[in-house]
Structures are given as C-alpha cells and as structure tokens.
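*Asks:* Just so you know, the protein sequences line up as chains F and G, in that order.
Whatever position you read off the first sequence (first residue = 1), add 340 for the numbering used here.
Whatever position you read off the second sequence (first residue = 1), add 28 for the numbering used here.
Be aware that a few hints might be false.
As the list claims (entries may be wrong) - Here are some, though not all, of the chain F residues that point toward chain G, as calculated from beta-carbon distances under 8 Å:
1. Thr378
2. Leu381
3. His382
4. Thr386
5. Arg388
6. Gly432
7. Leu472
8. Glu482
9. Leu485
10. Gly586
11. His589
As the list claims (entries may be wrong) - If you want the footprint, here are the derived chain G segments under chain F, 3+ residues with CB under 8 Å:
12. 150–161
13. 212–220
14. 240–246
If you are wondering where the hints come from, they were derived from the structure by calculation, not from laboratory data.
For every residue, glycine included, the Cβ atom is placed at its ideal position computed from N, Cα and C.
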Amino acid sequence: MTSPTSSDGSAREPLALRAERVSKRYPMQGRAPRELKTALLHPRETWRAWRDRKAWVWAVRDVTFEVRRGEFFSIVGANGSGKSTLLRLLAGLSRPTTGRIECFGRISTLLELGSGFHPQATGRENVVINGLLWGMTRREIEERLPDIVAFAGLQEFIDQPMRTYSSGMYVRLGFALAAFLDPEILLVDEVLAVGDAKFQEKCYEHIERLRDRGVTIVMVSHDLPAVERFSTRAALMERGRMIAIGDPHEVVGLHLERLAATSPEIRRALEEGIEQRIRESPEALREFEEKLAEKWAAEAEARKE
Amino acid sequence: MGAVAVFVGEGRSRTLRNATELLWAMTARDLRLRYQESIFGWGWTLVRPLALGVVLYFALGKVLGASIHDYPVFLLTGLFPWFWFQSAVQMSAGSFVGNGGLLKKVRFPRAVLPLSVVLGATLQFLLSLPVLIGFVLVSGYAPDAHWLFLPGVMLLQFALTAGVSLFVASLTVVFRDLEHLVEVLLTFLFYGTPILFSVDLVPESYRWITVANPLAPLMESWRDTLLYERWPHPSLLVTVAAAVAALLLGWTTFRKLEDDFADLV
C-alpha cells in the first residue's frame, strides 16, 4: 500500500510525473517586523525575529512518488498537510528546496480558475490572454473560442467586461477555458468546489472524458466521494509527508480513520455510523479536517514552548 | 541533495511565438484599458510632457532667462524621450509584485510582465512622436538626412529602457523598497541628464556627471539629429555599451530570481 509504484497494471505505461525525495521549506515569517520604524519601536519582537531567522516551516517533506500516463491520481489530506504546495511544485510554480521533480508532457494547471482574468477586459480578451498564458498560440485559441464560449454558456456576454459577470459566470468561463487547453497532464486543485452543483457535475464529466482520452490527472481534493469515484490511485498527506499511496478506497478509509483518531467526537461520530455521511458530504468532512488542523497547530505551538 | 526540477518535452519550453503573442496581447489590453473610460483618451500621454514643457519654459526661460536658442522646442525634444524612459522604468518596477496572483498560479514566460510595460510606453511615445515632430517643424527646423539616424536612437533607448526595467522589476521582488527608491533616483537622473540644459552649459567641474550618465549622449543625440543637423557624438557609444550591459544585467538578474517569484510575491 505504501509502495510508490502502481500495482494496478499501469506500471508498464510510460512515466508522466516523478517526484523523488522532494521537500519544500518556507521561512517562518511570523511576526518579523520588516519595516525599520516598526523594528525600532518593537525591539523585543525584532530580537525574537532575529533569533528565529533560521526557523523554517517544512510544508512538504521527503515525498517520493510516480504517476504513469493515463492515471487519475488524487491527493487527500487535511488543511495544511502540504498537498497544495506539492501540486505547485509539480506545476513548476515554485522550486523544491531539495529533491527532484521530473515531468514528461505538457502540463496544464487548474489551480485557481480565472486567476489571470482582468475585470475591466472583456470575456473574449481574457480568454485569449489566458490561453496565451497557458502556452497556446493565438490561432489555437481562436479555433477553440466558440467551443469555450458554448461550454461556459456565455454567448451573449462574451464581449462584455468581466466586471459585469456574476461569480458563477467567472468560474464557468475559467473552467471552460482550462477544459479546452488540451493538456497531457492536468493538475487540479480544489477548484471544483465552486459553482453550482449542475456545473460541478459538468466539470467532473469533462474531467472523466479527459481521463478516458488518456490525459494524466493529478487532483488535490477534499471531495472524497469524487476521489473514490474517479481516481485510479490516491495518496494521503499528513504534515508534509505522503504517508500512504494506493487504492483510493483504502486511502480514503485510512484518511477517515486518522481523522477519527484525532478527536473522540469524530471517533464517536464514525462509530455511530456517520462514516457514510462523511463520505458523502464534503462539508461534514471539512469540519473534521479543520479540527485536525487546529490540533496540529496546538501541538506545534506546544513543541515550541 | 540539490533541488532539481526537470521538464521534458515541449511542456516547459514555450515557443518564442507564444511569448511574443502574449507580449503583444498584454500590451494592447493594458493600453486600451488605461484610457478606455476617459474622454481625452490618448491625449493624456501628451499632456504630461507638454505641461511640464510650458512650466519649465516659463520658469527657466522667462523668469531665470536661460540663454538657449529656441528653448521651447529644445525642452520638448528632451522631455518627450525622457517621459518614455521614466514612465517605462517607474511602471515596470511593480510589474512582478503587482501580478503576484498570476505568478503563483500559472507558469508562463514571466519576463513579458515588465516588457509589456516597456512596449506600452514605447507605443505611447511613438504615437506622441508626430506631435513632437510637428513642434520641430513649426519652430522652423526642416527634416534632413540626419533624421535617418532617429530609428537608431530610438532602438538604443528601447534597449536601454528594457534592460533597466527588467532589472528593476526583478530586484523589486526581493527588495520592495526599490519601487520607491526608483522614484527618487529617477528625479536625480532627470536633473543629471541634459534635458533642461545642454552638456556644454554644464560647468567643467560638474561635467563628470554627464560623462558618467549614459542617458546624456542619448538625449544630446535626439537634439543633434532632430534640430542641429549633426550626426550623434561618438560618446553615444557609451550609451550603446550601457544598453548592452543593462540588457545582460536585467536578464541575468531576472533568470536568477524568477524561480522564487512565486514564493516571494
């Protein structure tokens, strides 16, 4: 179960992604006053910051895994477990502190839909610029534009400035754009939690189509039912480490068990047969995960003192 | 173990074509948006150098009695190119810091952020150039063969501006004060460059300022070619060297820092 290579027969497929002993640290920038005036007015904090200047937060620790072409690989874990950082490292958006990441194929990231959108510019203009940002050529974008607009259902609004859009329209255009980028490897981070249920379903259907077409997908999600439904493999992260890799049902089960171990309340809830509810409702799960994150934070605080 | 990220295939190597298309699309969008809702639109690009020209002509020409022949057009041939340089450097300083959301979420050829600012300022300059030429003609100067050197002067100023802007924008990410510092430095540079005066008016003991300043031969060249029917002074080679140095420095600084942009902005 903890073997980094897949056991479901896809091991013979060529590699899409490989992470080898990847770690990432960030400087602990708690209360360090940066401004000179603040530094002079608060000597004690300045001294503390100077003393702790070598303090680091390890967001990802020693993570090793491989994803083969055509796999749907999900990463689950509580808030602050490092899964989003890991995804950013995979996307090449920041550099690992140590370790090695290899990527074989054209990567597209669904990290935050529409992050490149400019509210004053029209929908059409934003689609073109975002497509270019993602590495498409102008002609490729123009070819896909009608499909993108149709998928987002924004035919009448595409030439309006995006500040006139509702948040739902924003997200729809963002996803439609990303959906037609034609990636070889798609990295998805929690973006599907937005938008109405109908559109979410549409997104999942599209991701399923991409998977069936052989696109490699790596998804970070709290939506455990979706993880179980779509993934071929899953991994569980805890405090920066990847503590399990394997069958999605087993990984999700382990995740729930670890959550339960953190608080008697969750344990009781699970024993009372609410597990089914947690598996089906992302909201209930999120609540538990927040409790877990709080507990870790308290532990970390206690260790420091 | 060292940190390595390897990307095989065309996944990471974006084509130059994509970068150029992105550069143009961003420049066009920003220019359009800047004046979109304003009534006077493009006219605002002219207002700053013209207004300053009027004020300076009054203060220096009339009140202090600067003895420069055709002072109004002399001022304008310095102010128009200066505003091109100044606005490009000033606005690109925050171009990485101000686009943190983008840098964190998408991997794209990041140099297009400051370069699109530079390109935008260049286009604005080119669009205001007919007005400047108009002033030159109205003041009684006729086009001659020396005007053929103008594209060279422009290209040189473009290269210098691009290098400086890329350097300033990259360094601002790690040293935020630079954005404010640049404003002050540009003020010094404005008075240390022959814009309000010509080099030969500078007292001998201060001449080193204009010798050390690569913008000085550039500004003189604008006037030599546009007004004085002269080829640029050989000291323009200093500017050529400075432009090459600025491009190299800007590019290496950018390359060295760009991988950490997402963590720092």
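*Asks:* It remains to establish, for every hint, whether it holds in the given structure.
*Replies:* Structure-based check of each hint:
This hint is violated: Thr378 (chain F) has a C-beta 14 Å from the nearest C-beta of chain G, more than the 8 Å allowed. The interface hint given for Leu381 (chain F) is broken, as the beta carbon of that residue sits about 18 Å from the closest beta carbon of chain G, more than 8 Å. Interface restraint check: His382 (chain F) against chain G, minimum CB-CB distance 19 Å, threshold 8 Å, status violated. Proximity of Thr386 (chain F) to chain G is violated relative to the hint, the smallest CB-CB distance being about 18 Å (cut-off 8 Å).
The beta carbon of Arg388 (chain F) is not positioned within 8 Å of any beta carbon in chain G (closest approach about 22 Å), and the interface hint is therefore violated. Among the interface hints, the one on Gly432 (chain F) holds; its C-beta lies about 5 Å from the nearest C-beta in chain G, closer than the 8 Å criterion. Checking Leu472 (chain F) against chain G: minimum C-beta separation of about 4 Å stays under 8 Å; hint holds. At its closest, the beta carbon of Glu482 (chain F) sits 11 Å from a beta carbon of chain G; the interface hint therefore is violated under the 8 Å criterion.
Evaluation of the Leu485 (chain F) hint against chain G yields a violated restraint, the C-beta minimum of about 14 Å exceeding 8 Å. Taking 8 Å as the C-beta contact cut-off toward chain G, the hint placing Gly586 (chain F) at the interface is violated, the least distance being around 26 Å. For His589 (chain F), the shortest C-beta to C-beta distance to chain G is roughly 31 Å, which exceeds 8 Å, and the interface hint is violated. Counting residues of the stretch 150–161 of chain G whose CB lies closer than 8 Å to any CB of chain F gives 0, so the stated coverage by that chain is violated, three being the minimum.
As drawn, the stretch 212–220 of chain G meets chain F at 0 residues by the rule of a beta-carbon pair under 8 Å; below three, the given contact is violated. Coverage of the stretch 240–246 of chain G by chain F is violated [criterion: at least 3 residues with CB-CB distance below 8 Å; count 0].
Violated hints, in rising order: 1, 2, 3, 4, 5, 8, 9, 10, 11, 12, 13, 14; the structure is consistent with all others.
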